[in-house]
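2 protein chains.
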Amino acid sequence: MTDKKTDFGEWYNETVEKAQLCDKRYPIKGMNVWTPYGWKLMTQIDAYIRREMVATGHDEVCFPLLIPQTEFNKEKEHIKGFDSEVYWVTKAGNNDLDIPLLLRPTSETAMYPMFSLWIRSHTDLPLKVFQIVNTFRYETKQTRAFMRVREIHFFESHTCHETEEDAQKQVEQDMVIMDNVAKELCLPYSMLVRTEWDKFPGAYYTVGIDTVMPSGRTLQLGSIHHYRTNFSKPYNITYEDDKGEHHYVHQTTYGMSERLLGAVVGVHADDKGLILPPAIAPVQVVIVPIFSKNNRDEIMAACKVVNAALQDTGFRSKVDDRDLRPGNKFFDWEMRGVPLRLELGGRDLESQVVTFARRDTGEKGTLDTNSLAPGVKLLLDTVAQNMLVKATQYQQEFVKEITTTEGMDSVPDGVILKFGWCGDPKCGHAFEDKYDMKILGTPYRKENWTGKCLMCGKEGIKPVYAARTM
Amino acid sequence: MTDKKTDFGEWYNETVEKAQLCDKRYPIKGMNVWTPYGWKLMTQIDAYIRREMVATGHDEVCFPLLIPQTEFNKEKEHIKGFDSEVYWVTKAGNNDLDIPLLLRPTSETAMYPMFSLWIRSHTDLPLKVFQIVNTFRYETKQTRAFMRVREIHFFESHTCHETEEDAQKQVEQDMVIMDNVAKELCLPYSMLVRTEWDKFPGAYYTVGIDTVMPSGRTLQLGSIHHYRTNFSKPYNITYEDDKGEHHYVHQTTYGMSERLLGAVVGVHADDKGLILPPAIAPVQVVIVPIFSKNNRDEIMAACKVVNAALQDTGFRSKVDDRDLRPGNKFFDWEMRGVPLRLELGGRDLESQVVTFARRDTGEKGTLDTNSLAPGVKLLLDTVAQNMLVKATQYQQEFVKEITTTEGMDSVPDGVILKFGWCGDPKCGHAFEDKYDMKILGTPYRKENWTGKCLMCGKEGIKPVYAARTM
Chain A
1 MTDKKTDFGE WYNETVEKAQ LCDKRYPIKG MNVWTPYGWK LMTQIDAYIR REMVATGHDE
61 VCFPLLIPQT EFNKEKEHIK GFDSEVYWVT KAGNNDLDIP LLLRPTSETA MYPMFSLWIR
121 SHTDLPLKVF QIVNTFRYET KQTRAFMRVR EIHFFESHTC HETEEDAQKQ VEQDMVIMDN
181 VAKELCLPYS MLVRTEWDKF PGAYYTVGID TVMPSGRTLQ LGSIHHYRTN FSKPYNITYE
241 DDKGEHHYVH QTTYGMSERL LGAVVGVHAD DKGLILPPAI APVQVVIVPI FSKNNRDEIM
301 AACKVVNAAL QDTGFRSKVD DRDLRPGNKF FDWEMRGVPL RLELGGRDLE SQVVTFARRD
361 TGEKGTLDTN SLAPGVKLLL DTVAQNMLVK ATQYQQEFVK EITTTEGMDS VPDGVILKFG
421 WCGDPKCGHA FEDKYDMKIL GTPYRKENWT GKCLMCGKEG IKPVYAARTM
Chain B
1 MTDKKTDFGE WYNETVEKAQ LCDKRYPIKG MNVWTPYGWK LMTQIDAYIR REMVATGHDE
61 VCFPLLIPQT EFNKEKEHIK GFDSEVYWVT KAGNNDLDIP LLLRPTSETA MYPMFSLWIR
121 SHTDLPLKVF QIVNTFRYET KQTRAFMRVR EIHFFESHTC HETEEDAQKQ VEQDMVIMDN
181 VAKELCLPYS MLVRTEWDKF PGAYYTVGID TVMPSGRTLQ LGSIHHYRTN FSKPYNITYE
241 DDKGEHHYVH QTTYGMSERL LGAVVGVHAD DKGLILPPAI APVQVVIVPI FSKNNRDEIM
301 AACKVVNAAL QDTGFRSKVD DRDLRPGNKF FDWEMRGVPL RLELGGRDLE SQVVTFARRD
361 TGEKGTLDTN SLAPGVKLLL DTVAQNMLVK ATQYQQEFVK EITTTEGMDS VPDGVILKFG
421 WCGDPKCGHA FEDKYDMKIL GTPYRKENWT GKCLMCGKEG IKPVYAARTM
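These protein sequence lines map, in sequence, to chains A and B.
In case it helps, the numbering used here puts the first sequence at residues 1 to 470.
In case it helps, the numbering used here puts the second sequence at residues 1 to 470.
You may find that some hints are simply not true.
The list makes no distinction among identical chains, and a pair is therefore deemed to hold if it is satisfied within one copy or across any two copies.
As the list claims (entries may be wrong) - Simulated crosslink set (DSS-like; lysine-lysine; CA at most 25 Å straight-line):
1) K24 <-> K233
2) K390 <-> K293
3) K400 <-> K462
4) K91 <-> K24
5) K74 <-> K24
6) K74 <-> K91
7) K364 <-> K243
8) K76 <-> K329
9) K243 <-> K80
10) K293 <-> K458
11) K91 <-> K29
12) K128 <-> K40
If you are wondering where the hints come from, they were derived from the structure by calculation, not from laboratory data.
Predicted, not measured: the structure shown is a model, and the values here were computed from it.
In isolation and in its complexed conformation, chain A is listed as follows (with noise of 0.2 Å):
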């Protein structure tokens, strides 16, 4: 098994093959088969960002896969942005499509057409849609299970709204929401304003959510669009205000992606396999018997009561029955990244505790039998805590901030630079080919800082970060 700080994509890729995620064998590069360990995570997910969504006025829709070459065409940037990574349907049955059909590579060119259709006054505003499904981009560069499929597993949101400031306000509101998501995963996350030539096709501006690998690479987890009225009035998407004058609706959009699955693995797990944020570990806590002579029949039962008790409180656990070895049912639920183990043995039994195991720490303990939900309650809040606040140290320490490019020749691996730009695309592209590196971005979050242009000198301007992607 390669090590973690070794050879971060090796451990990555053994990583997610060891614990069953997904299976690469399927005969189409790039596009993997969800196994049910990996898809239960996903879902898993998904449930929380459902729940952020509904909680917040989204209605679910769920709209078709292909869109016909017409409506993909009509926004001009959105098209060059696009047109090198769709996958196209040219031919049904035995006949060739008078008009061709994409695999939708993200459905702003699905939805706005029925948009232009549902929304006629300012009542019908705003408009807040989701939905959940798979997407598809060519990728020509090497594949990664999660963080760089052909078929993505994707989350999108599309919003209508009557004024540009409402739309902003969807934009802090999604700000909320992955807040919330990140939270239930453990995961530091940026949000960092692209570059002009970074953000999305067709875009006004493109907030990038990132994180950090282990490797000192930056993962985008998702993205939050603000379009101001660049796709309505291609599409026609008007509304009536109570005057009786038209007007342009604008729009957002925000997406994630089982990238956010990719992150969970890359950022947390270590050399012995996952290490699971309890909020969407399918197995919370594992119990394992733990027998001495004669005493398997009480040794069992006392474990079922445990478990019985776990899961009338609402926690996911289970007891591991197998005929095997303590040592192997540990070794297991450790790649599987349960985050609590217990152990239950005859001298436990005597001293009315079980023994627990924490699988973030390593960390051992015992619990008190007639206070063990709460006891794991708190066990858990703290697991997930700690993996937060590891995660989030862990990753601050790559951002170097410099004054100068003196005597840089160039940037190793495992750098995350911050540093004064003048916004001149001139400059940053300068600094993105010297260095091989893209800027990231500027704080969405105005931050207090002063500083000089890394390349031209230029006081006054605003910090960006650049790092090297996954």
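Given the coordinates of chain A, assemble chain B onto it according to the supplied hints.
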């Protein structure tokens, strides 16, 4: 509004549209947009299917949408059955693909190459998986929402077993699952072994699950297939038994689709709109305040108490506090099929009752405020039972048993025939061609029945049912 009896087809389309279950204006024929209300109903149906599958030891998976032509071509009968209705991806970005990819019409040819890798030993069996995904068929017949579409919301389970008998037991289990799901939807159905020329391409035999529309045409809700080793041979899915010998696995599949929702609309709805089975209604109980002078606050407060009491007991209830007249609210909720309406006005409040109105029968009455939740439970159970009984009686009335074709030149629409058939395809085809009907098949459960073949007069044979289909 067209009425259900006069023109079922037109009535169905209007009912779907009025209840806003989907939007058919999407610019590809037969690919409709799932709007929020329809999608809520569909995902609630999915939840019951998922519950049944998990309870019977099936693992949920998700396979890629695209299938390489090379894999698709391995089972000859299967290709013949689907060749004329698959969509082909031939281009990605600006490249022509070396091997064309097809959009799954069903997932045998996606899954079985992987099963061949997953299964090694008898300890890997049975393998039981299912998925709920979008599938595609290039329909050339007239499309109809939920009943005949080109992008299909689809459920499919696939199982592998050591022996033909084990596979046969799975078929029986699938039938129990079907029964449990159909009960939640208050849908009567029949299980008929399809004719050889109508079975699933590649199957050993197919059991079709049909229900009857008010027009007397049947609608296939799903099907269960026993494949024997017909697919495991071309896909080389083998296992080693405990003596070290290798055998091909025996396989079954079970498929259902959004037609379940189409059937709920077609079977239960009336000229006022939907009538939803309580199990899937997004709102099971709507509470309408009936204001008179100066009692608005008092009534609203009482409605909220009722609503809280119902929600605490686990009902999906809602107070309609919109600024509309009660009659308009009644109209609205009737259209959306809410099974139970409660009204609360000044007089109800005085008498400590709420007035109820059942959607299925229109029956009105009162419930005591102090035993509201049990009263509502009883009413909803009664509604569900009545819906199933009524639909069952209605469907049975279409069936007409005949022993001779003497004097029968044609069969009018709205008749399902039961008669004897010797099993010879010649007699079967002759009947189908002459009367423009389809032989649905012979009952899976043996009936105590004797008779002669309607066409050739041979004795001691099985009964079959024949109908026109949706």
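Which earlier hints can't be squared with this structure? 2, 7, 8, 9 and 10
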